[in-house]
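Quick mapping for you: the protein sequence lines, in order, are chains Y, H, W, U, R and S.
Residue 1562 in the working numbering sits at position 164 of the first sequence; the count goes up by one each step and never skips.
Residue 1480 in the working numbering sits at position 82 of the second sequence; the count goes up by one each step and never skips.
Residue 1612 in the working numbering sits at position 214 of the third sequence; the count goes up by one each step and never skips.
Residue 1510 in the working numbering sits at position 112 of the fourth sequence; the count goes up by one each step and never skips.
Residue 1597 in the working numbering sits at position 199 of the fifth sequence; the count goes up by one each step and never skips.
Residue 1612 in the working numbering sits at position 214 of the sixth sequence; the count goes up by one each step and never skips.
Hints are computed from structural coordinates only; laboratory data are not their basis.
The model shown is predicted, which means the values in this text are computed figures rather than measured ones.
The reader is advised that the hints may include incorrect statements.
Since copy identity is lost for identical chains, a pair holds within one copy or between any two.
Pairs of lysine-lysine, DSSO-like flavour, derived with a Cα cap of 27 angstroms [said to hold, decoys possible]:
no., residue 1, residue 2
1, Lys1423, Lys1644
2, Lys1434, Lys1572
3, Lys1638, Lys1573
4, Lys1427, Lys1638
5, Lys1652, Lys1618
6, Lys1468, Lys1499
7, Lys1416, Lys1656
8, Lys1652, Lys1416
9, Lys1634, Lys1601
10, Lys1650, Lys1468
11, Lys1650, Lys1499
12, Lys1634, Lys1678
13, Lys1634, Lys1427
Number of protein chains: 6
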Amino acid sequence: MRPGRFDRQISIDKPDLKGRESIFKVHLKPIKISSKLDIHKLAEQTPGFAGADIANVCNEAALIAARKGKESVEMDDFQDAVDRVIGGLEKKNKIISPEEKRIIAYHEAGHAICGWFLEHAYPLLKVTIVPRGVAALGYAQYTPKEQYLYNTDQLFDQICMTLGGRASEELNFKKISTGAQNDLQQITRIAYSMVTVYGMNEKVGNVSFYDPAQENSFTKPYSEETSKLIDEEVRKLIDKAYEHTKELLRQKSKEVEKLAEALLDKEVLFQSDVEALIGKRPYEEKRALDVSDHSEHKNVPSENGTPSGISVIPPAATEDVKQ
Amino acid sequence: MRPGRFDRQISIDKPDLKGRESIFKVHLKPIKISSKLDIHKLAEQTPGFAGADIANVCNEAALIAARKGKESVEMDDFQDAVDRVIGGLEKKNKIISPEEKRIIAYHEAGHAICGWFLEHAYPLLKVTIVPRGVAALGYAQYTPKEQYLYNTDQLFDQICMTLGGRASEELNFKKISTGAQNDLQQITRIAYSMVTVYGMNEKVGNVSFYDPAQENSFTKPYSEETSKLIDEEVRKLIDKAYEHTKELLRQKSKEVEKLAEALLDKEVLFQSDVEALIGKRPYEEKRALDVSDHSEHKNVPSENGTPSGISVIPPAATEDVKQ
Amino acid sequence: MRPGRFDRQISIDKPDLKGRESIFKVHLKPIKISSKLDIHKLAEQTPGFAGADIANVCNEAALIAARKGKESVEMDDFQDAVDRVIGGLEKKNKIISPEEKRIIAYHEAGHAICGWFLEHAYPLLKVTIVPRGVAALGYAQYTPKEQYLYNTDQLFDQICMTLGGRASEELNFKKISTGAQNDLQQITRIAYSMVTVYGMNEKVGNVSFYDPAQENSFTKPYSEETSKLIDEEVRKLIDKAYEHTKELLRQKSKEVEKLAEALLDKEVLFQSDVEALIGKRPYEEKRALDVSDHSEHKNVPSENGTPSGISVIPPAATEDVKQ
Amino acid sequence: MRPGRFDRQISIDKPDLKGRESIFKVHLKPIKISSKLDIHKLAEQTPGFAGADIANVCNEAALIAARKGKESVEMDDFQDAVDRVIGGLEKKNKIISPEEKRIIAYHEAGHAICGWFLEHAYPLLKVTIVPRGVAALGYAQYTPKEQYLYNTDQLFDQICMTLGGRASEELNFKKISTGAQNDLQQITRIAYSMVTVYGMNEKVGNVSFYDPAQENSFTKPYSEETSKLIDEEVRKLIDKAYEHTKELLRQKSKEVEKLAEALLDKEVLFQSDVEALIGKRPYEEKRALDVSDHSEHKNVPSENGTPSGISVIPPAATEDVKQ
Amino acid sequence: MRPGRFDRQISIDKPDLKGRESIFKVHLKPIKISSKLDIHKLAEQTPGFAGADIANVCNEAALIAARKGKESVEMDDFQDAVDRVIGGLEKKNKIISPEEKRIIAYHEAGHAICGWFLEHAYPLLKVTIVPRGVAALGYAQYTPKEQYLYNTDQLFDQICMTLGGRASEELNFKKISTGAQNDLQQITRIAYSMVTVYGMNEKVGNVSFYDPAQENSFTKPYSEETSKLIDEEVRKLIDKAYEHTKELLRQKSKEVEKLAEALLDKEVLFQSDVEALIGKRPYEEKRALDVSDHSEHKNVPSENGTPSGISVIPPAATEDVKQ
Amino acid sequence: MRPGRFDRQISIDKPDLKGRESIFKVHLKPIKISSKLDIHKLAEQTPGFAGADIANVCNEAALIAARKGKESVEMDDFQDAVDRVIGGLEKKNKIISPEEKRIIAYHEAGHAICGWFLEHAYPLLKVTIVPRGVAALGYAQYTPKEQYLYNTDQLFDQICMTLGGRASEELNFKKISTGAQNDLQQITRIAYSMVTVYGMNEKVGNVSFYDPAQENSFTKPYSEETSKLIDEEVRKLIDKAYEHTKELLRQKSKEVEKLAEALLDKEVLFQSDVEALIGKRPYEEKRALDVSDHSEHKNVPSENGTPSGISVIPPAATEDVKQ
């Protein structure tokens, strides 16, 4: 978790909310669309999309509607198209055993419930157990807020939400699986960043070992003693977050069960479905801010190795239970 | 055992069960096959085979049958052909001493018995002490299940099954040999992954140091202290698994002996032979799932250096007692 | 924080104060400028600018004035132009939430107040919460002094001023944010330099591990024990500076509040505005010295990776609250 | 002694015993050979020889016989030729002092006696103090067995046999020399392999850090603590083997003396000579197995840097007392 | 401070004292020189100069005299020329504040006084606070002795003389500045060399880790424990030297003040000026030996990264108070 | 002192004693030589010389004799020529101070006396304080013995002889100088080899970490703990040798003085001169063996970086007091 790890981010200026709305309008012109189509909502649901991605969505949506024999392209065609562009075509032939389906459902329900009841989590957009692409067996997608500064509480909630999947597995099956690997990778990175890059740990102090030029450094810039302290503080932080997450999920065990069972039944749940099942989110729903510049953030650097299709949503989305 | 070690896997989309069945049908067209030939079973026995491998199998099978003067190509010709494609031609001229043959037989019997009586092991396909290729003096092959998530119990059983060979040597000869080297390599990798990649160790905690982008990293991402803890926890895990394996093999010492002696007699035993010798497996035999996508799994990453011919079966098969 | 890190600085001889004044005069010839324009002040406000940068400023200023329909180019047009050249065009479409605006304002006020009441800080030029370029959400700019030698008191004050942002966040919100990352990076570098390069720590002693030729060194030139001592001494130094900074800001809490609220109101405050709000700076304002050779200083080496647009002001300016 | 050190072995399929016999027959056709020539024996004495090496031997033998004015090429000509191909031409002009000759003789006698009285050592072929090639001042050559598995007892005896030279020097001269350097190198490798690759140490446990793909790894895959444990266990193992070796040589001190003095007298002793001096080997002489595939073994990987001419005999031969 | 650091020195055979005198004579032929010109003295003041450098000096001197309207080129023109060739043209436009001027003057006076009263220091040539080139704010220049062997006392005095600048700052201003960075770099190198290369430390012992071939070594050749011991012994040595230096400067505080004030007044002081101020040096002035081969010395290796213009004087000159 | 350091030796088969004699005869044919010329002795004095070197010697000798106006080339001309080829032309213009001359004389006398009274040292050929080449201020040359095995006593004496220079400086001047750097480098290498390569240390045990293939290894093959033990044992060994050396030189203080004063007087002393001064060497003078193959020895590997001209004598010669 060398600081040097974060500096290879290439910032490409993606269009913002307004920009995307304009681009949608351009690409929708030749398409016969339903009069109910909410272009603003489409733009909202495609944070991080480049112009080419939006063109792709429009074409896909037209094809989907055509295949269904529709006269005009409707909102759900576009949502299908967005999903395809993000995650690739659904792999219907992937045979997932019923036991695994249950694990995935409770894992995702754990994420969704954490996101719902943690103040600083992003509002849920949808949660699904339909596998997508090469790696994802299920995922929860959130409406990200345009945010530039993160305080310790917000980062802590983000860690908890991300640990929600594993915590739910442990509480509901008394067993943990390999499915949380990607989640743990994310929180490991966030926790190490808090301690070594953002100076958010009292014992390690107000230092930042982040160094964009240290690409070729071969040694840790600090001593083994400091390295040990950093490991300890990270472990404490993650342990605390995991206990907090399990406590929350214990209190909300009925909600988790409701959501998981609904997922096993319907496979996809949208925000409104979740609301219908477990009631309104206890925090005021803020306007869904645009995160088109999100990839520029170096505060919470995204994973270099993450496939680009996935990078449009993290850290707002916890795409997990990788196969 | 750096996390970075796992990331060089190249995922080539191999055909799935149905796909292989279709490919077999194509390549079988020009061949006169026995009316009893079960193409579905052939497809089942060739997980991970590419189209070219299947074409190869069909050609080999036709040649084998021709050499035997058969009028049509039969199931056993195909099974021979599959074996040749996997392991290369049998090295009949390899002179193995009777003492070594006994060690190999008990080693393989240890694997097979562990796999038979451990709930989470894969169902046995065949076990043999006929040397194959450059490195294998014998091996046990399993029908892999299509599985995306592994819990700690399943990984523990996999470690035990893999330790079955060495444990059997120790119990039956009071001596251990170099033959378990490949087995130990596999469990070392699995155990380190559990502790450092899947967050399955309580003391090390919910962290994952797996990092697909860390190909060029030069230092451990954690302190010497953490490194020491990881080593300790891995050692405890493996010690526990080894004790468990030896206990199981002590209880099943008669079954091990039966199997080993039968192997010394017949050299190859199929699932039905084993069943005839020691009775039905105590666990419900689940449908043999297709693992054509198996090589994409990053949960239990396969060895980079493994020859491709072998990679079609691990981790489901414990190919060991290398020369 | 290897000493070797500092040696890649390329010293390009930038024009000095007089030089810049002359260059301005050349480029201003074809432009109709206001009779009140103070060219000397312009030269003063553009330390570190190359000839091409000055030409750029003049062109920009002319365009800005033209867009406003002015007859002649005035001082504020030039100041706008300077800002654009330094930080890129203002990103008006960047939506910053009111909560974040508050944090930024108090963070910048913290810097400004520290700079105002610390004897060895540079005199303030302006402070702003208007985001600029890719990374800056706000910044404080200082009139740097031409200085070749820094004593421990001066470097200590510089660290305190740079910690002023985080300290102000902690005191005013009881929470700290990721916005101080760049500040912490700077003080980490300065503190490590004091201890390992300038021999300013009693326990580590009169040594300097700075080595311009050590570009390719792979190991620390000292033992783990010394490395541990260095880490400890750096931590003590930074802890002491942070306590000092918080103490100062506690005493000046009213001034911080005044400045922050004024910033939220007006977004930009110049030196005279600050003086009007909180009174004259308690230290004699020394002549604004020219720092055109500043980039040659190896005493306080600038960050290699810093974007060039920003490098014209540090270490005199604390450009922070990065997004 | 990194595990990664063993993986650069290139396995070239050398002809086996039968293969070599056939190749000899081909190359012997144009040569007038003695009717007593035992081609099978020749094949036995040339394990690991490639076709080209055998052709070389036949040519050399013909030249040697010609130089001696013989009418037909006899067995001893072939044995000379084999020696030349293995070790290069004898360096008659190498002036070795009588003191050194004595050391070499007792060193080699130590190896030979250990090999003779240790159950798991290979049967002796010949022992000599005639220097050969660039590095060897003397050596003992064994008839290797074709063996694929090695247990701990066998590896322990191999270590003892290899330590026999130094032990004999210590016991007979109360001094040790640099001549054992190559022996120590070999046992260092074997002992570290037992502990880190073959899982044969109880404290280090059932792990194998052997990794064929780790060619470019830069760090030990385990902690300093484990590294220390490995060193300790290796040291204990070697100390134990050295004590065992000295005890054996103390008991057989008369046999060592007999052999050493005979070597000083005759320079070369064959198996039958040794038998005549000290009686039959107390273990049943097993058939001399073929080791043509020996170079493929990865269990006891041969030294990468070993000159190819020497690699045909280790680990069966202890070629030592290097100059 | 790896031993490997010293081996990149390229020894170019520079002309010796006689050689330089001859070269001067050649280049002076076309120039009309003052009859009082002391060519031998010129040669003495240009140790380490290549032929091209001497040619350069002659041309410069001629130009300087011409600009002054002189009829013949005089000694001071040559001295100016030598200075220009060594340090580049004087940077008159560099604005150094009076406070900094004082620090520089006392720093240089510290060096000069130490050199004057330490037995093994080189005799002073001149001391100046006129900034030169990119890095030097002032420097003391010495007449080096041709010396091939250095004992511990001599190296100790050299360290003290080099620490004289910082010690004088501390004693006179109760504050230390960044100006000693280059001095500390030099003594760090000398002290580490004494301990690790010249075997001059009792605890580390009679070892030398200097290795000209270790250019590509990646690890310290000794253990962390030894590394720690080396650091400790170096620190003790430097601490002792610093105390010694401060004690000397305390005793000679009046002389330091006299010299510093004279420097602030006249900016440059020659040996005779110093003598006039504080009396004769208490050690017999030995003949100024030639150090033309000095760059070949590997005993006290010069800094690789040092600009060549500067390398003609160290270690005899302490060119410091770098900006 | 990594084992890997020794493996880059390239063995070029240099002519042996007889070979050199033959080559001399060839090159002497066209030269008119003195009838007293002892060609065998010439061959003896040129161990390690290639054919080209011998040709060079003959040409040089002819030129030297010609310059002296001799009619035939005599033995002393050849000896001068040999010296020139070995060390380059004498640097008469190198000005060495009388103080340094004394140090050099006592340093070399220390070597010579140690070599004279240590049983296992090589017989002295000559000792000189005439500087030669770039680095040598003086040296002692020995007639090397052709030796293939070294026991611990012999290596210990070699270390003592090499420490004789420094010990003599300490005893005679109560001060040590940088002149022993090359000596210390040599004994550091020998001592580390004894402990880590030749298994000659009881605590480190019968291991050899020498590995000819480890050229690219990046880590020590052993733990920090072992590394520490190795350092300690090496230090003890060197400390013991140094005490032994000082004790010997204390006993022979008169002989050292005699030799040193004679050297100051005559500059060069041959074996017979030394004998005349201090009596016959107390050990039987063995025949001067040929070391033409010496460069092939890997037991005591020569320094890679040593200039070739010097490599013809070490380790038999202690060429030291480098400038």
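Indicate which option fits the pair lysine 1416, lysine 1656 if close means a Cα-Cα distance not exceeding 27 angstroms: within, between, both or neither.
Answer is neither: 37 angstroms inside a copy and 36 angstroms across each miss the 27 angstroms cutoff.
Since the copies are identical, ignore which copy is meant and state whether lysine 1634 and lysine 1601 lie within 27 angstroms (CA to CA) inside a copy, between copies, both or neither.
The answer is both: 12 angstroms in one copy and 11 angstroms across copies each meet 27 angstroms.
If the cut is 27 angstroms between Cα atoms, do lysine 1650 and lysine 1468 qualify within a copy, between copies, both or neither?
neither (42 angstroms within a copy, 65 angstroms between copies)
If the cutoff is 27 angstroms on CA atoms, where do lysine 1650 and lysine 1499 land: within, between, both or neither? Let me know, please.
within (21 angstroms within a copy, 35 angstroms between copies)
Go through the copies and call it for lysine 1652 and lysine 1618: within, between, both or neither, with a Cα cutoff of 27 angstroms.
So lysine 1652 and lysine 1618 fail the 27 angstroms test inside a copy (46 angstroms) and across (42 angstroms) alike.
When Cα atoms must be at most 27 angstroms apart, do lysine 1634 and lysine 1427 count as within-copy, between-copy, both, or neither?
For lysine 1634 and lysine 1427, neither the intra-copy (55 angstroms) nor the inter-copy (64 angstroms) Cα distance is at most 27 angstroms.
What label fits lysine 1638 with lysine 1573 when the C-alpha limit is 27 angstroms: within, between, both, or neither?
both (20 angstroms within a copy, 18 angstroms between copies)
Is the C-alpha distance from lysine 1652 to lysine 1416 at most 27 angstroms within one copy, between copies, in both cases, or in neither?
Answer is neither: 40 angstroms inside a copy and 40 angstroms across each miss the 27 angstroms cutoff.
From the Cα coordinates, with 27 angstroms as the cut-off, is the pair lysine 1423 and lysine 1644 best called within, between, both, or neither?
Neither. Shortest intra-copy (45 angstroms) and inter-copy (52 angstroms) distances fail the 27 angstroms Cα cut-off.
Check lysine 1634 against lysine 1678 for me: Cα-Cα at most 27 angstroms, and say if that holds within a copy, between copies, both or neither.
Result: close neither inside a copy nor across copies, 33 angstroms intra and 47 angstroms inter.
Go through the copies and call it for lysine 1434 and lysine 1572: within, between, both or neither, with a Cα cutoff of 27 angstroms.
Answer is neither; intra-copy 47 angstroms and inter-copy 47 angstroms both fail.
27 angstroms Cα threshold - placement of lysine 1499 relative to lysine 1468
neither (32 angstroms within a copy, 47 angstroms between copies)
Hint compliance for this structure: hints 1, 2, 4, 5, 6, 7, 8, 10, 12, 13 are broken, all remaining hints hold.
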